[in-house]
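Based on the sequences and whatever the hints tell you, model everything.
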Amino acid sequence: AQKVTQAQTEISVVEKEDVTLDCVYETRDTTYYLFWYKQPPSGELVFLIRRNSFDEQNEISGRYSWNFQKSTSSFNFTITASQVVDSAVYFCALSLLISGTYKYIFGTGTRLKVLA
Amino acid sequence: DSGVTQTPKHLITATGQRVTLRCSPRSGDLSVYWYQQSLDQGLQFLIQYYNGEERAKGNILERFSAQQFPDLHSELNLSSLELGDSALYFCASSVAWGAGQETQYFGPGTRLLVL
Numbered sequence: 295a296q297k298v299t300q301a302q303t304e305i306s307v308v309e310k311e312d313v314t315l316d317c318v319y320e321t322r323d324t325t326y327y328l329f330w331y332k333q334p335p336s337g338e339l340v341f342l343i344r345r346n347s348f349d350e351q352n353e354i355s356g357r358y359s360w361n362f363q364k365s366t367s368s369f370n371f372t373i374t375a376s377q378v379v380d381s382a383v384y385f386c387a388l389s390l391l392i393s394g395t396y397k398y399i400f401g402t403g404t405r406l407k408v409l410a
Numbered sequence: 028d029s030g031v032t033q034t035p036k037h038l039i040t041a042t043g044q045r046v047t048l049r050c051s052p053r054s055g056d057l058s059v060y061w062y063q064q065s066l067d068q069g070l071q072f073l074i075q076y077y078n079g080e081e082r083a084k085g086n087i088l089e090r091f092s093a094q095q096f097p098d099l100h101s102e103l104n105l106s107s108l109e110l111g112d113s114a115l116y117f118c119a120s121s122v123a124w125g126a127g128q129e130t131q132y133f134g135p136g137t138r139l140l141v142l
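So the protein sequences, as listed, match chains A and B. Okay, so the first sequence: first residue is 295 according to my numbering, each after it adds one. Okay, so the second sequence: first residue is 28 according to my numbering, each after it adds one.
Any given hint might turn out to be false.
Said to hold, decoys possible - 20 Å max Cα-Cα, derived SDA-like pairs, lysine to any residue: (1) K332/A x S365/A; (2) K297/A x R322/A; (3) K364/A x R344/A; (4) K364/A x V379/A; (5) K407/A x T372/A; (6) K297/A x S65/B; (7) K84/B x G394/A; (8) K297/A x I87/B; (9) K332/A x E129/B; (10) K332/A x G30/B; (11) K297/A x G30/B; (12) K397/A x I87/B; (13) K297/A x L66/B; (14) K84/B x Q68/B; (15) K332/A x D28/B; (16) K84/B x R344/A; (17) K332/A x S368/A.
Please keep in mind that the hints were generated in silico from the structure rather than gathered at the bench. Predicted model only: the values in this text are computed from it and were never measured.
In structure tokens form, the structure reads like this:
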């Protein structure tokens, strides 16, 4: 069975702290894709990153970085020097081919509160 | 502004009714995705179209259907509505269709309330 677990329901940090959001996935497939999305309090969804299962290089984009580790089935997201604007719900998702069509499995999200 | 438009922004209807949600992708994007976000079910992927053809299917109920038209806009039809269909419905678009191959741009969503 395929599953995405975001065990941290809510995290609160003080501005300028670093914070890591955990994402653990389950699949027996060797080909899959992992995503992170952001949903600010305003409600819109923002696509942050996608990673395919064959690319284990970590990625950095400004203050955001992602650590993909197949050995532990994790795709963690770190925000460095957090800012109030980072306050949002963050979703991790897994996409893979099942019975000839792609499926997306979302985690339940982690609510990040960055306090000034 | 992502360039993806969704209409209407809000919709209130009664159980048993049918509604149509509309999505216009970004200029040049050929792929459209539909998602549902509810308190009960969380965020769920419903369906994806690429250049008029269905490419991926998620947890879409049989009462729901979608299509992508030649001008690339998409409609999500929800019929025999139930209270549990109350949710925020997002549309997203991307340039290509291969799942995981491209960046998705989201519309502002349509909030559906079924009374």
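Each hint, compared with the structure:
{"no.": "1", "hint": "K332/A x S365/A", "result": "violated (25 Å)"}
{"no.": "2", "hint": "K297/A x R322/A", "result": "holds (11 Å)"}
{"no.": "3", "hint": "K364/A x R344/A", "result": "holds (15 Å)"}
{"no.": "4", "hint": "K364/A x V379/A", "result": "violated (30 Å)"}
{"no.": "5", "hint": "K407/A x T372/A", "result": "holds (14 Å)"}
{"no.": "6", "hint": "K297/A x S65/B", "result": "holds (19 Å)"}
{"no.": "7", "hint": "K84/B x G394/A", "result": "holds (10 Å)"}
{"no.": "8", "hint": "K297/A x I87/B", "result": "holds (18 Å)"}
{"no.": "9", "hint": "K332/A x E129/B", "result": "holds (16 Å)"}
{"no.": "10", "hint": "K332/A x G30/B", "result": "holds (17 Å)"}
{"no.": "11", "hint": "K297/A x G30/B", "result": "violated (32 Å)"}
{"no.": "12", "hint": "K397/A x I87/B", "result": "holds (11 Å)"}
{"no.": "13", "hint": "K297/A x L66/B", "result": "holds (19 Å)"}
{"no.": "14", "hint": "K84/B x Q68/B", "result": "holds (17 Å)"}
{"no.": "15", "hint": "K332/A x D28/B", "result": "holds (15 Å)"}
{"no.": "16", "hint": "K84/B x R344/A", "result": "holds (19 Å)"}
{"no.": "17", "hint": "K332/A x S368/A", "result": "holds (18 Å)"}
Of the numbered hints listed earlier, those contradicted by the structure are 1, 4 and 11.
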